[in-house]
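With chain A held as given, fit chain B onto it using these hints.
Protein chains in written order, with this note's numbering: chain A, 1 to 526; chain B, 1 to 526.
One or more of the hints may lead you astray.
As the list claims (entries may be wrong) - One-sided and incomplete, this derived list gives chain A residues near chain B with beta-carbon spacing under 10 Å: (1) 90; (2) 303; (3) 409; (4) 509.
What the hints assert, rightly or not - Listed next, the in silico BS3-like pairs over lysine-lysine satisfying Cα-Cα at most 25 Å (straight line): (5) B/507 x A/442; (6) A/70 x A/231; (7) A/518 x B/507; (8) A/507 x B/449; (9) A/174 x B/227; (10) A/442 x B/518; (11) A/70 x A/145; (12) A/506 x B/35.
Just so you know, the hints here were simulated from the structure itself, not pulled from any lab data. Predicted, not measured: the structure shown is a model, and the values here were computed from it. All residues carry an ideal CB built from backbone N, CA and C; glycine is no exception.
There are 2 protein chains.
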Amino acid sequence: MINWNNLDTLKSYEEMKNAKKVNLAQVMTGENGAKRVREYSVPMAAGLTYNYAAKEVDDALLATFEELAKEAQLTEKFEALYNGEVINTGEKRLVLHHLTRGQLGDAVNADGVDKRAFYVEQQNKITEFANKVHNGEITNAAGEKFTTVVQIGIGGSDLGPRAMYLALENWAKKNNTFKMEAKFISNVDPDDAAAVLNSIDVAHSIFVLVSKSGTTLETLTNESFVKDALKNAGLDASKHMIAVTSETSPLAKSDDYLAAFFMDDYIGGRFSSTSAVGGAVLSLAFGPEVFAQFLDGAAKQDALAKNTKLTENPSMLDAIIGVYERNVLGYPSTAVLPYSQALSRFPAHLQQLDMESNGKSVNRDGGEINYVTGPVIFGEPGTNGQHSFYQLLHQGTDVTPLQFIGYKNSQMGTDVVIQGSTSQQKLCANVAAQIVAFACGKADDDRNKNFEGGRPSSIIIGEQVTPASLGALLAHFENKVMFQGFLWNVNSFDQEGVQLGKVLAKKVLAHETDGALKEFSDLLNI
Amino acid sequence: MINWNNLDTLKSYEEMKNAKKVNLAQVMTGENGAKRVREYSVPMAAGLTYNYAAKEVDDALLATFEELAKEAQLTEKFEALYNGEVINTGEKRLVLHHLTRGQLGDAVNADGVDKRAFYVEQQNKITEFANKVHNGEITNAAGEKFTTVVQIGIGGSDLGPRAMYLALENWAKKNNTFKMEAKFISNVDPDDAAAVLNSIDVAHSIFVLVSKSGTTLETLTNESFVKDALKNAGLDASKHMIAVTSETSPLAKSDDYLAAFFMDDYIGGRFSSTSAVGGAVLSLAFGPEVFAQFLDGAAKQDALAKNTKLTENPSMLDAIIGVYERNVLGYPSTAVLPYSQALSRFPAHLQQLDMESNGKSVNRDGGEINYVTGPVIFGEPGTNGQHSFYQLLHQGTDVTPLQFIGYKNSQMGTDVVIQGSTSQQKLCANVAAQIVAFACGKADDDRNKNFEGGRPSSIIIGEQVTPASLGALLAHFENKVMFQGFLWNVNSFDQEGVQLGKVLAKKVLAHETDGALKEFSDLLNI
Numbered sequence: 001m002i003n004w005n006n007l008d009t010l011k012s013y014e015e016m017k018n019a020k021k022v023n024l025a026q027v028m029t030g031e032n033g034a035k036r037v038r039e040y041s042v043p044m045a046a047g048l049t050y051n052y053a054a055k056e057v058d059d060a061l062l063a064t065f066e067e068l069a070k071e072a073q074l075t076e077k078f079e080a081l082y083n084g085e086v087i088n089t090g091e092k093r094l095v096l097h098h099l100t101r102g103q104l105g106d107a108v109n110a111d112g113v114d115k116r117a118f119y120v121e122q123q124n125k126i127t128e129f130a131n132k133v134h135n136g137e138i139t140n141a142a143g144e145k146f147t148t149v150v151q152i153g154i155g156g157s158d159l160g161p162r163a164m165y166l167a168l169e170n171w172a173k174k175n176n177t178f179k180m181e182a183k184f185i186s187n188v189d190p191d192d193a194a195a196v197l198n199s200i201d202v203a204h205s206i207f208v209l210v211s212k213s214g215t216t217l218e219t220l221t222n223e224s225f226v227k228d229a230l231k232n233a234g235l236d237a238s239k240h241m242i243a244v245t246s247e248t249s250p251l252a253k254s255d256d257y258l259a260a261f262f263m264d265d266y267i268g269g270r271f272s273s274t275s276a277v278g279g280a281v282l283s284l285a286f287g288p289e290v291f292a293q294f295l296d297g298a299a300k301q302d303a304l305a306k307n308t309k310l311t312e313n314p315s316m317l318d319a320i321i322g323v324y325e326r327n328v329l330g331y332p333s334t335a336v337l338p339y340s341q342a343l344s345r346f347p348a349h350l351q352q353l354d355m356e357s358n359g360k361s362v363n364r365d366g367g368e369i370n371y372v373t374g375p376v377i378f379g380e381p382g383t384n385g386q387h388s389f390y391q392l393l394h395q396g397t398d399v400t401p402l403q404f405i406g407y408k409n410s411q412m413g414t415d416v417v418i419q420g421s422t423s424q425q426k427l428c429a430n431v432a433a434q435i436v437a438f439a440c441g442k443a444d445d446d447r448n449k450n451f452e453g454g455r456p457s458s459i460i461i462g463e464q465v466t467p468a469s470l471g472a473l474l475a476h477f478e479n480k481v482m483f484q485g486f487l488w489n490v491n492s493f494d495q496e497g498v499q500l501g502k503v504l505a506k507k508v509l510a511h512e513t514d515g516a517l518k519e520f521s522d523l524l525n526i
Numbered sequence: 001m002i003n004w005n006n007l008d009t010l011k012s013y014e015e016m017k018n019a020k021k022v023n024l025a026q027v028m029t030g031e032n033g034a035k036r037v038r039e040y041s042v043p044m045a046a047g048l049t050y051n052y053a054a055k056e057v058d059d060a061l062l063a064t065f066e067e068l069a070k071e072a073q074l075t076e077k078f079e080a081l082y083n084g085e086v087i088n089t090g091e092k093r094l095v096l097h098h099l100t101r102g103q104l105g106d107a108v109n110a111d112g113v114d115k116r117a118f119y120v121e122q123q124n125k126i127t128e129f130a131n132k133v134h135n136g137e138i139t140n141a142a143g144e145k146f147t148t149v150v151q152i153g154i155g156g157s158d159l160g161p162r163a164m165y166l167a168l169e170n171w172a173k174k175n176n177t178f179k180m181e182a183k184f185i186s187n188v189d190p191d192d193a194a195a196v197l198n199s200i201d202v203a204h205s206i207f208v209l210v211s212k213s214g215t216t217l218e219t220l221t222n223e224s225f226v227k228d229a230l231k232n233a234g235l236d237a238s239k240h241m242i243a244v245t246s247e248t249s250p251l252a253k254s255d256d257y258l259a260a261f262f263m264d265d266y267i268g269g270r271f272s273s274t275s276a277v278g279g280a281v282l283s284l285a286f287g288p289e290v291f292a293q294f295l296d297g298a299a300k301q302d303a304l305a306k307n308t309k310l311t312e313n314p315s316m317l318d319a320i321i322g323v324y325e326r327n328v329l330g331y332p333s334t335a336v337l338p339y340s341q342a343l344s345r346f347p348a349h350l351q352q353l354d355m356e357s358n359g360k361s362v363n364r365d366g367g368e369i370n371y372v373t374g375p376v377i378f379g380e381p382g383t384n385g386q387h388s389f390y391q392l393l394h395q396g397t398d399v400t401p402l403q404f405i406g407y408k409n410s411q412m413g414t415d416v417v418i419q420g421s422t423s424q425q426k427l428c429a430n431v432a433a434q435i436v437a438f439a440c441g442k443a444d445d446d447r448n449k450n451f452e453g454g455r456p457s458s459i460i461i462g463e464q465v466t467p468a469s470l471g472a473l474l475a476h477f478e479n480k481v482m483f484q485g486f487l488w489n490v491n492s493f494d495q496e497g498v499q500l501g502k503v504l505a506k507k508v509l510a511h512e513t514d515g516a517l518k519e520f521s522d523l524l525n526i
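Pulled out of the complex, with its shape left as it was, chain A reads as follows:
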């Protein structure tokens, strides 16, 4: 029996609030700090490790966190989710993105089929299609191979796949699995599509139209944009486009596409990178085998999220630490700081994943909540960020918890020794240094040069950004966000907050406005 209770009704939450706070600068100093680094460390999948030594926690707090995990029934709720209960209460839908990469529990039947089999079938169809494109069985009208794949999608159909593509592009080139360059068109700003189209050879490009409903205005508009360009080049658009959509969408059976691959209503856009939404573009760009490794990394990380012992479940632990920071310590935002250029757009994807999932003000039953939920998420790669916004992170008046990500090895292996160290060593030295600088600070009589410390961070450390470790990283954050949604008792899988803007934009375009909206429309020449 699962109880869906608000966070502030839980006894262990009260205990957590009343527990003794940790003086981070103090506990991270000297041998005790070294001990924490050794002990506050959890293995993740694909060679990753989650280290939370520099978080404001200690054994006593971790014990209350474990109590909270139990009282909030996080494991049971996760189990209900992957076994096919209606966890998306707002839209009354199952939540099945885990099934796109593995089977965590019982067979889930919906729409008259086994859903794991359905997702596998779709990926098999993509594999077959991608192989035919790569080996020249599927070509353009002139019989020439396609060289570029262009994803047309927005939000979850753009940010995740784009971040994953950028993360693996150089790895694939280095490892000889790079098949085709990928580009992305998302914004309804006509300059977005125009610039991408100007940068490619349309005659050798294959376009992936991604829209679950088949009705996303931005995406359909950009499809028309692309079709015009293909037509102007004397090409048959239907020989250059595939669709990723739901079986019930208007795109599913259309002759306008070379092929259609399916997702369904149980895969939220921001959780869709491991479905056909990411599968088509990434399989075309890097080969289906690479995408399979990515799925495997995610599946292995998902399996860890089933662990009932909190300190062996990195996503659950990360989730509770985040709730403690947000609801007890009162920190309003979180920065994601990957020390890897490959992950340059990973923070933008997490921004959607986290803020769209848990930026909610009512509970999963539409009832009141009396505490804050999802924080603002932002970030840029290090060391770049160090020369940008880290000033505020170190010496600003608010504390911002930090999520570092670092890898021992670069992807391309080309490096240079300057002042006795490689660039990769400098990169790693910087992330290590930052953790300690934020945690411990450094006293200085010149208050302008004084660092108070006490600024918490965790770090995920890996060998290299590979398909498998990227899958594990992605799944970790998806599961963290899910557990936080359980803790806050919100529905992390709908997004009603985006609707009002859509409705009003339609009114503007129909010239059915008055008051301020009419004035703004006039100012913008609509």
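Just chain B, lined up with the frame of chain A:
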């Protein structure tokens, strides 16, 4: 006589705190809302308009803001700055970035020269150099024209110039002023330089090394990386590189560069886009005439910042509204949301500009302050963001003030009509709709579909992203940040908060660590 007092010692700040709050949803509804849109509007330079109708202000509050501007002596402080007083108290330096684009007040003499003349001279030298590159007087060793320019720099030597390049790339292509493609290498992650070098033809590339001190570790490391690549291609590196640095730096007189152009200690990195730091790469990419238009837009906007009447001084008004939101209303972060794909990296630049300038915990004299200073700044272009983090902005538990930016026209002019409107119209309709959706909300009995409204935003509206309007936009935010620094009584022009990390990273590389730092270094294989 200027008094540098902390914000909370000002009488008008107390008045502002005690003033009646505005019910935004209420005042923005009906004819009153329309009236606000018409009246709460200030012209900026280059055809831009700052509209603050959807901010939580009214005439009474604006009157207290005007009092605050006077009591805080914002105009006098700006005057002192552009007339050459030591405003950067920490580093004991003048603050002269305005002089790179115009002369606002008295001649400023420093280092034995007239500084306006110095900056103009540098830009003239860049103009001459760029023209020679464009007309083939300066070529590679084989006598072939350079086709690509690569900026090597980090932080202020990267984010601003990169954002400006991306903002004008398609405009320049459309308007036949596009001269050379620009690329940027910044991160010490070796994959950054390696990927850029793999994507260009080094034999036809000219590299711009940008480091004020000539000692920035990331930049010197990447220079070596590039020199290796040139050498491996059998090329003479000194015939492919120019430097932008200070006259006193080790790079200034080196034979390693084709030419050197100078900035100085009075131009902070994050304020350097209008100096040689932006001038070299942007003049090479788009032609010096385009860069001149950009400077002109910035200069015209700077002139407006001298206006003593608050409602005719958009940067000062924006600054005080921001302080009101941060210190009185308690909002912790601000989102920058340009409805223009061209401005895709403009928020990342503002993130540095704002957070590095005002993320401070001591006042300009090193004394205590007892109020919050700079907020977290983040953002992505619309409409993309609507499908990402807007859920939290609309329905999250915290209020995030929003800075919209929108343009009537696209840059490239290619468009498509779908459902009776162009993409550009859809883009504009969306930004208009969002302002009203955030301000007014919409009641719904289903609490999950309820929008409380009361979420404040302002919008800057322009005709098009052009060199001049981009310069004006940039200068607006630079001046806003400056005025906010004056209000908070912090030094917005140093960045001591970045030092500790640098020191500790050096220790890691020298293996002079113990405790937690040694453990983290071991985990990262350093």
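Against the structure, the hints come out as follows:
1. 90: holds, 5 Å
2. 303: Since the shortest Cβ distance to chain B is 24 Å, the answer is violated.
3. 409: Hint on residue 409 of chain A: holds, closest Cβ of chain B at ~8 Å, below 10 Å.
4. 509: Because about 5 Å separates residue 509 of chain A from the closest Cβ in chain B, which is inside the 10 Å limit, the hint holds.
5. B/507 x A/442: Given pair residue 507 of chain B, residue 442 of chain A holds - Cα atoms ~14 Å apart, limit 25 Å.
6. A/70 x A/231: Not satisfied, since the Cα-Cα distance of roughly 59 Å exceeds 25 Å.
7. A/518 x B/507: violated, 60 Å
8. A/507 x B/449: Holds. Residue 507 of chain A to residue 449 of chain B sits at ~18 Å (cutoff 25 Å).
9. A/174 x B/227: holds, 21 Å
10. A/442 x B/518: holds, 17 Å
11. A/70 x A/145: Between residue 70 of chain A and residue 145 of chain A the Cα gap is close to 55 Å, so the pair fails against 25 Å, i.e. violated.
12. A/506 x B/35: This hinted pair holds, its Cα atoms lying about 23 Å apart.
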